[in-house]
Amino acid sequence: DSGVTQTPKHLITATGQRVTLRCSPRSGDLSVYWYQQSLDQGLQFLIQYYNGEERAKGNILERFSAQQFPDLHSELNLSSLELGDSALYFCASSVASRSGNTIYFGEGSWLTVV
Amino acid sequence: AQSVTQLGSHVSVSEGALVLLRCNYSSSVPPYLFWYVQYPNQGLQLLLKYTSAATLVKGINGFEAEFKKSETSFHLTKPSAHMSDAAEYFCAVSDREAAGNKLTFGGGTRVLVKP
Numbered sequence: 009d010s011g012v013t014q015t016p017k018h019l020i021t022a023t024g025q026r027v028t029l030r031c032s033p034r035s036g037d038l039s040v041y042w043y044q045q046s047l048d049q050g051l052q053f054l055i056q057y058y059n060g061e062e063r064a065k066g067n068i069l070e071r072f073s074a075q076q077f078p079d080l081h082s083e084l085n086l087s088s089l090e091l092g093d094s095a096l097y098f099c100a101s102s103v104a105s106r107s108g109n110t111i112y113f114g115e116g117s118w119l120t121v122v
Numbered sequence: 002a003q004s005v006t007q008l009g010s011h012v013s014v015s016e017g018a019l020v021l022l023r024c025n026y027s028s029s030v031p032p033y034l035f036w037y038v039q040y041p042n043q044g045l046q047l048l049l050k051y052t053s054a055a056t057l058v059k060g061i062n063g064f065e066a067e068f069k070k071s072e073t074s075f076h077l078t079k080p081s082a083h084m085s086d087a088a089e090y091f092c093a094v095s096d097r098e099a100a101g102n103k104l105t106f107g108g109g110t111r112v113l114v115k116p
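These protein sequence lines are chains A and C, in that order. Here the first sequence stands for residues 9 to 122, where the numbers follow this note's numbering. Here the second sequence stands for residues 2 to 116, where the numbers follow this note's numbering.
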């Protein structure tokens with residue numbers, strides 16, 4: 009158990025809908041990351057927050073957004089869903105945002121868009 | 002931009018045989034390097050990381066990796082494979098000079114262990 013908690017574990021929704029994925033980082037970790045894992049794209053970095061502020065942005069679509077709240081939990085919002093958004097979404101956390109810090113991953117949220 | 006290449010998307014080894022997973026990176030400055038393992042239906046677990054101390058890094062479960070700057074490689078090895086090593090392995094790189102410390106992953110290598 010990494011200490012990173014993600015909900016829901018599985019989600020099935022229809023095209024055009026909106027979903028919210030939730031992440032609780034490890035106790036004391038200030039950095040939260042979101043990654044997408046799909047068969048065709050592999051593991052892609054989406055976005056990082058550090059202590060409530062956006063720190064780095066990757067291949068995140070405009071239909072997707074994220075935020076980190078004062079209690080440090082984070083949410084990833086996916087809207088106008090398309091079939092191609094079906095993937096495993098990982099949240100990860102680390103104590104700081106300095107390179108070399110170990111990043112711990114949750115077990116992921118499986119999203120299926122039908 | 003950084004990138005990671007893992008040679009071989011699938012590797013099959015016999016139980017007790019050497020496990021060798023290849024990883025090459027591309028980076029303008031010496032990066033930090035990581036190996037993660039993903040067991041079926043689980044998240045990513047850190048096996049080991051290189052952050053510019055010793056070039057030979059020992060990790061969990063008997064795995065180790067050697068950083069070779071001249072070859073831009075960070076290959077993962079385990080002397081004797083166990084059935085429980087069947088999983089997907091990911092090499093990742095982090096830019097030590099960038100804001101934040103996001104990981105860029107390779108495509109992964111799935112390991113099958115034959116009895």
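Don't take each hint at face value.
[As the list claims (entries may be wrong)] Short derived list, chain C residues pointing at chain A, Cβ under 8 Å:
id, residue
1, Ser13
2, Ser27
3, Ser29
4, Leu45
5, Leu47
6, Lys50
7, Thr56
8, Ser71
9, Ala87
10, Phe91
11, Leu104
12, Phe106
13, Gly108
Hints in this document: simulated from the structure, not taken from any laboratory. For glycine and all other residues, C-beta sits at the position ideal for the given N, C-alpha and C.
Verification of the hints:
1. Ser13: C:Ser13 check fails; min Cβ-Cβ to chain A is 20 Å, beyond 8 Å.
2. Ser27: This interface hint is violated because 16 Å lies over the 8 Å limit.
3. Ser29: At about 14 Å, which exceeds the 8 Å cut-off, the nearest Cβ of chain A leaves the hint on C:Ser29 violated.
4. Leu45: With Cβ-Cβ at 4 Å, under 8 Å, it holds.
5. Leu47: holds, 6 Å
6. Lys50: holds, 7 Å
7. Thr56: Violated - the Cβ of C:Thr56 stays beyond 8 Å from chain A, reaching only about 15 Å at its closest.
8. Ser71: C:Ser71 check fails; min Cβ-Cβ to chain A is 22 Å, beyond 8 Å.
9. Ala87: violated, 18 Å
10. Phe91: Nearest chain A Cβ about 7 Å off; hint holds.
11. Leu104: Holds. Min distance 6 Å.
12. Phe106: holds, 4 Å
13. Gly108: Constraint on C:Gly108 satisfied, holds at 5 Å.
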